[in-house]
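Chains as they are written, first to last, in my numbering: chain U, 85 to 585; chain R, 85 to 585.
Incorrect hints may have been included.
Residues on chain U that point at chain R, a partial pick, calculated with CB under 8 Å [as the list claims (entries may be wrong)]:
id, residue
1, Leu114
2, Leu156
3, Leu158
4, Asn460
5, Ser535
Some chain R residues flagged as far from chain U (calculated, every beta-carbon gap over 10 Å) [unchecked claim]:
id, residue
6, Asp116
7, Thr249
8, Leu263
9, Glu511
10, Glu542
When the alpha-carbon atoms are kept at most 25 Å apart in a straight line, the in silico DSS-like pairs for lysine-lysine are as follows [said to hold, decoys possible]:
id, chain 1, residue 1, chain 2, residue 2
11, R, Lys497, U, Lys147
12, R, Lys332, R, Lys254
13, U, Lys332, U, Lys260
14, U, Lys147, R, Lys555
15, U, Lys268, U, Lys254
16, R, Lys497, U, Lys113
17, U, Lys113, R, Lys332
18, U, Lys113, R, Lys113
19, U, Lys555, R, Lys260
Simulated from the structure, these hints should not be mistaken for laboratory data. These numbers come from a predicted model, not from an experiment. We put the CB at the ideal spot given by N, CA and C, even for glycine.
2 protein chains.
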Amino acid sequence: VTQQIGIIDLGSNTARMIVVQYQPHHSFKLIDEVKENVRLAHNVGADNMLQPEPMARAVEILKMFVSLGRALNLAQMIAVATSAVRDAANQAAFLAQVKDATGLSLRILSGEEEAYYGYLGVVNSLALQDGFLFDIGGGSVELALVRGRGLVSGASLPLGTVRLTEGFLKSDPPAKSELKALDKHLDSALEPVTWFSHQPILQMVGVGGTVRNLAKMDQRALRYPIDKIHGYEIPFARVDEWATRLSKLSRAEREQIEGLNNDRADVITAGVLLIRKLMQRSGATTLWVSGQGLRDGLFYEQLLIGSNPSLISNLRLFSIENLARLYNYHVVHAVKVRDLSQALFDQLMPLHGYGPLERELLAAAALVHDIGVAVNYYDHHKHALYLVMNAALGGFSHREMVLIALLARHHRKGGVSDEGLGGLLAEGDLSRVAKLGAILRIAEYLERSKSQVIQTIECVIDKNSVRVITKAIGDATVEIWDANRRTALFRKAYGVDIQII
Amino acid sequence: VTQQIGIIDLGSNTARMIVVQYQPHHSFKLIDEVKENVRLAHNVGADNMLQPEPMARAVEILKMFVSLGRALNLAQMIAVATSAVRDAANQAAFLAQVKDATGLSLRILSGEEEAYYGYLGVVNSLALQDGFLFDIGGGSVELALVRGRGLVSGASLPLGTVRLTEGFLKSDPPAKSELKALDKHLDSALEPVTWFSHQPILQMVGVGGTVRNLAKMDQRALRYPIDKIHGYEIPFARVDEWATRLSKLSRAEREQIEGLNNDRADVITAGVLLIRKLMQRSGATTLWVSGQGLRDGLFYEQLLIGSNPSLISNLRLFSIENLARLYNYHVVHAVKVRDLSQALFDQLMPLHGYGPLERELLAAAALVHDIGVAVNYYDHHKHALYLVMNAALGGFSHREMVLIALLARHHRKGGVSDEGLGGLLAEGDLSRVAKLGAILRIAEYLERSKSQVIQTIECVIDKNSVRVITKAIGDATVEIWDANRRTALFRKAYGVDIQII
């Protein structure tokens, strides 16, 4: 049964609500999001008292979230608060005020829980096996060590961007002495977290608005071909460059940076300095950006209700099936095209020499090859490219998404093109698209009547040609005749003739 | 209840099947199409005997259509045949062969019925009130006169492209004498159809593969910014140019023309010469291309079952609602944004001076502004642009579609841009998008919690500023505060200040 859930996360900087439509253990889709920069922790001071104005702002926004939840008829709402409320001396008064004005009972997450849900958000959306995580908020930063997709260690430190900025970077631009003091503070705060470093070096994943904004700035600077943040990679050298550059700029100068969100302009410097420090300490060479975190983690617990741990077991397959399901794919046809594609792939191994990755991407493209019909039947191969490239496709790198999208694009028409996405491809990928796309296209036409009339195929590879011997149940005249008409791409890609009989 | 229907159309040139998913009187979507160039009328000769080979090809393809229908679980199939079968001396034998091999009972359409269904396809997908229609097939051409959306006169003439080509243009390239004979033949065949001409000149609409292919060639030649055929307009001068050019080319030369489908390369010349002749006789100055025709007409009769005549009563509104429904729009929210937009539009009339067309396009954009969420919540305003531009949006011109798409695009973020579609806009349209988009954006944020909290608005226009006085049920603090934050586009577009209170 399809359900809708609202998840509210009241942070030190931002209040946010997501609304997700889902079927437990089956499929999900984000359908709404509202966020507001409430700065709840603003001017908290040493006595940790939330101030009246920020509290009133937060309550207004929460009221709006509740109205939205009512308007969307949400059966379920989960509302959590993190470090600003957790650490507040006047926590009880604030919670009462919220309850009174909105009816919401905020659940205060401990630092450990915060780290856990951030971790759940990441491991259910990035193909991370082993690595470090950090999640930078306005009040705190959560650190975690992941081994074999499991959470091994976690910590929460009061190093959020609002807190660091208000505590250290008071001048504009920051004074050298302030930067020095901040640096020293970070070192001593991180010192006790001895496990946050490893040989051989592990992957580093970053979560939170600061990291997302850094990724956006970096993409704009590099003219990255797409504006997808989740899964974006930034080498340490570039993080270092940004940290150095930001340290020298005034707020007004920072506001000129392309891609920097205005309401992050005051805290971005402290945030990027923290990121550099975390990478330096752990020795990480690349930062992998996660667009998902705490809220998503809270959601995955609901999606996978009854499972322990709350991990999607085959993330990449789940993502592809989820995408296909969102557009009501014709399962039997898609699976048959996948099976025929893989049969061709396996038997043509001597000709292409590809391995498990290509086999998996081919299967993924086969499952989603027709989703573009949701946009329009005409040109649905092109619409499939658009939908794949704009989907939330967890577990795949940007390059892999492009490969899947290009394969779906080429399942029925045209010669091979990179569709302007060449900048995301690796050496040899266009030839990969041609060779795998040629297989997918033949498989598609062998399934032209969507009737599974072709049961199995057997490939006989001669010197300069391939014969594909089909075994059909019923009349496959049209399928065989038509598949033979769609072999131009194959002949071009492999340089051998092919005949389907 | 959602139903699926298969509609098969066996023409002289092409056999085609469409599969449409629909709810009667409510919504529909094309979900599959297969077509094959069977050339059933090939070598029919003077004795009108269908030949064994073409008959066998047709039967094979029909078998495949039936398999597809079975695979898609179609509850209903409609199969019709047009002039090739209608005129065949061996019609009974062919029908028996089809019935025997496929189980299909082909319904033979009379020339009058053929003209009627083509007309239904056109008037339910183009905003045509009065005009001439022609539908060119391989065997025959259907002509019709439409007044007030009603079919006034109809005729079917044996002037199909295969028939004309095989009867007259035997040389390659065609000999001058052949062209002359063809011209004479067209004149004398059209002579009796006295009603196919009118003063003042009426709009001319063309249907069928020849016209679609001519449109495609013309779009490629002109580097038209989108490849949407339905609703494309070609001035007579360009039709004349194409007819003259094609008359001189050999088949091999024609095959080099960008956009010409290979399986039309032999019959395109006769087809375009016929189009020119039809335009000359009726005095039409522009050809309006319809991507819809006979098959669609047969479908609309089912969609509108019980209605007489089978006309969608408010085509443009139906198209927009259909599009919104395909993506499960949030009706109450969308309608409220539309109402608020129109209230602003009406009261700000002194500032923009726009009329009913702009008001309608604004309403249309309001209804579909959120459909992009079907692709991804993030950047859903951009996805809305993509979906509108690629939708089958009946009743709107290309320019109007672009305006709706751009308005939806600008409902939440960014400054005004033409998104590369400027070539389809008219003078002043970008300013139209800015002014209407600014209104839509304010309306959207006044509905931010999707709760219809703002009931009505009243605009007070002063010299250099507008005050919008809201009347709310409940707490609209966030809506009002947020709408005020989204007024930059308004201030820029109108050059006046605006305050929402």
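Hint check:
1. For the restraint placing U/Leu114 at the interface with chain R, the shortest Cβ-Cβ distance is roughly 5 Å, inside the 8 Å limit, so the hint holds.
2. Interface restraint check: U/Leu156 against chain R, minimum CB-CB distance 7 Å, threshold 8 Å, status holds.
3. For U/Leu158, the interface hint is violated, since its Cβ never comes within 8 Å of a Cβ in chain R; the closest pair sits about 11 Å apart.
4. Annotation: U/Asn460 was flagged as interfacial toward chain R, and the flag holds, the nearest CB pair being 5 Å apart, inside 8 Å.
5. Interface hint status for U/Ser535: upheld, as the beta-carbon distance to the closest one in chain R is roughly 4 Å, under 8 Å.
6. Its closest Cβ contact with chain U, about 7 Å, brings R/Asp116 to no more than 10 Å, contrary to its assignment away from the interface.
7. The claim that R/Thr249 lies off the interface holds: its Cβ sits roughly 23 Å from the closest Cβ of chain U, which is beyond the 10 Å cut-off.
8. For R/Leu263, the condition that its CB be more than 10 Å from all CB atoms of chain U holds, with the nearest at approximately 33 Å.
9. Every Cβ of chain U is farther than 10 Å from the Cβ of R/Glu511; the closest lies at roughly 30 Å, confirming the non-interface assignment.
10. Every beta carbon of chain U lies more than 10 Å from that of R/Glu542, the smallest distance being close to 23 Å; the non-interface claim holds.
11. With a C-alpha separation of about 24 Å, the suggested pair R/Lys497 and U/Lys147 falls inside the 25 Å cut-off, and the hint holds.
12. This hinted pair checks out: R/Lys332 and R/Lys254 have alpha carbons roughly 13 Å apart, not beyond 25 Å.
13. Restraint check: the Cα-Cα separation between U/Lys332 and U/Lys260 comes to about 9 Å, which is no more than 25 Å; the hinted pair holds.
14. For the given pair, U/Lys147 sits about 19 Å from R/Lys555 by alpha-carbon distance, which is consistent with the 25 Å threshold.
15. For the hint pairing U/Lys268 with U/Lys254, the CA-to-CA distance comes to about 16 Å; that is within 25 Å, so the pair holds.
16. Distance restraint check for R/Lys497 and U/Lys113: the Cα-Cα separation of roughly 22 Å lies within the 25 Å cut-off, and the hinted pair is therefore satisfied.
17. Restraint check for U/Lys113 and R/Lys332: not satisfied, since their Cα atoms lie roughly 57 Å apart, outside the 25 Å limit.
18. For the hint linking U/Lys113 to R/Lys113, the alpha-carbon distance of about 22 Å falls within 25 Å, and the restraint holds.
19. Annotation: proposed proximity of U/Lys555 to R/Lys260 is violated, straight-line Cα distance about 53 Å (limit 25 Å).
Hint check: violations occur at hints 3, 6, 17 and 19; the rest are consistent with the structure.
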